[in-house]
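Work out the full structure, taking the sequences as your base and the hints as a guide.
Sequences listed follow chains A and B, in order. Residues are numbered in our numbering as their position in the first sequence, beginning at 1, plus a constant of 1393. Residues are numbered in our numbering as their position in the second sequence, beginning at 1, plus a constant of 1154.
Keep in mind the hints are simulated off the structure, nothing from the lab. Backbone N, C-alpha and C fix where the C-beta goes; we use that ideal spot for every residue, glycine too. Some hints could be false.
Said to hold, decoys possible - To give an idea of the interface, some chain A residues facing chain B are shown, with a C-beta separation under 7 Å as derived from the structure:
1. R1401
2. S1419
3. G1420
4. L1444
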Amino acid sequence: MLNFDWLRGVSPAVAKGVFLTLFIVSGLLVLMIPKKSIYEGVEDPRWWHNLKLWAFGVLAIIFTIYVIF
Amino acid sequence: MLSGIDYFIVIAYLVGIMVLGLYFARFVRSADDFFLSGRTLPFWAVGMSIVATDISAMDFVGVSGQSYRFGMAAGNFDWLGSMPAMLLAAFIFVPYFWKAGLYTIPEYLGRRYNDYVRGAASLTWVIFFALDLGTLFWATAVMFEPLMGWPPWFSIIATAIVVGIYTSIGGLTADVMTDVVQMIIMFVGGAAVVVVGYFHVGGLGGLADKVSVMGDAYQNHFKLIQPADTQTPYPWTGILFGLTLVMSNAYMIGNQAIVQRCLATKSVWHAKASMLCGAFFKMFIPVLVMFPGLIALATYPGMENGDQAFPTLVKNLMPPGLRGLLFAGFMAALMSTIDSILNSTATLWTKDIYQKWLKKNASDRHYLVVGQMATVVLLIFGAITAPLSQYFEGVYVAIQTFLSFFQGPVFSILLLGMFWRRATQWGGLAGLVGGIGTSALLYGFRDSLFTIQNPFLYVSWWSFLAGVLLNVAVSLATRPHPHGRLAGLVFGLPKDAKGSCEVAAC
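Pasting the structure below:
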């Protein structure tokens, strides 16, 4: 049990799907963050202060990497 | 061996960093300046500093060694091992820590649980960082020996002196600002090796062709996801449960050396943005530290010690000038990690142990001097214990082994502390101590319990689970905290609630 023997039947392709799903779920959770929280601490908000865009940017990079490799 | 121009580049780098670090010493007038830069840092400097802190010389030597032996799966530590955790840190944990005005993560645990949890967590981190310093110093010696012909003791002492001078005087501001320069040098130097090696093996296609003809043992070398029954230390189950769900979160949320920088930013937006900025730069790290191992495998197959892959590549492929640039980048990676560890450990010692337990209500000047003295003592301790690293299989695995002992338990109490109001002080203590005890037991009997070579990923998962279960069981059996005491410390309970807790003693 300590070695996760019960998951040995799961193929690496399915496992890759699990990780890709994790990135998608992370993106959905970021999408749900209230706007007020995103701009908290900014006196004069501009579009680039939107931290959701930053998060989507890095999520897109890592998603692409795990799709390829 | 380095040529004249290489030595010039290295010496220019050392002098430049020393001058830059000492320049920022003029801004240190109080303990707050020394430990938190007076909370004035911008997101971009902290973001770059997070990456420079996280990536050490050990990653150049250790990850290259791991990718030489086990392939691209070693890159999971900088991709899966960072991104999801840094998002969680940026949007949930760091804003709460910043708004609470904390100096340290154990300080949060002290407010959320009790002073025993704070003391135990802080002491654990201090011990880990002290041992980590020794490992880092040893990594230096491993790299310097074939390149420069320096004996290990000389390398260790030389590094300690250079870093020690500006860190003990300039505090966190000097650390962060030198980290910015060091990250740039590290990226340029690392990229030089990758570009030269890339063309030497004939591009990505040539690299894949050369490795794939080496036999069945290398068929998974270009796959990030390894089967669950792989004999490498990176089965996907360990990567998911141990690395992604536990170790990465514990590292990015509970590691004082990482989070302390975010606490020193000038606003809560800068604190969040610094984590995301760091996440962006982190995406490029595996290219710098993992690909050299694969290039070395294609160029120099059959090396018994994977940790020699990177030094061998540098020695044989890099022309004069570029070799010095890489060497400066390597030193930048090493020094940026060491200075961060030194400052963070000094903060933990001074704030969580010395000020809390040994000498309360002393002057600000007194705590500043204590922090500076702690920095020097740690340096000496790290240098003396450095040779112990040679008794572990690979320097990188050594540090992961140290981490896995307490990362899981610390993250378990942070997670329940932030998201479960019912978690009590005794639950937190039981979770922390019991979790670390579980780690020690699992590692002690690892040969009979686990099937892979080094089960540190599994150990961190199971010790995390033990920490959660113990915390829940003991919390349910003990008296809950009043909601007023938890305000500003638990997700969903804002700080301005009536009766909110403002001081550690409440």
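Going down the list of hints, with the structure as the test:
no.: 1; hint: R1401; verdict: 5 Å, holds
no.: 2; hint: S1419; verdict: 6 Å, holds
no.: 3; hint: G1420; verdict: 9 Å, violated
no.: 4; hint: L1444; verdict: 6 Å, holds
When held up to the earlier numbered hints, the structure conflicts with hint 3 and nothing else.
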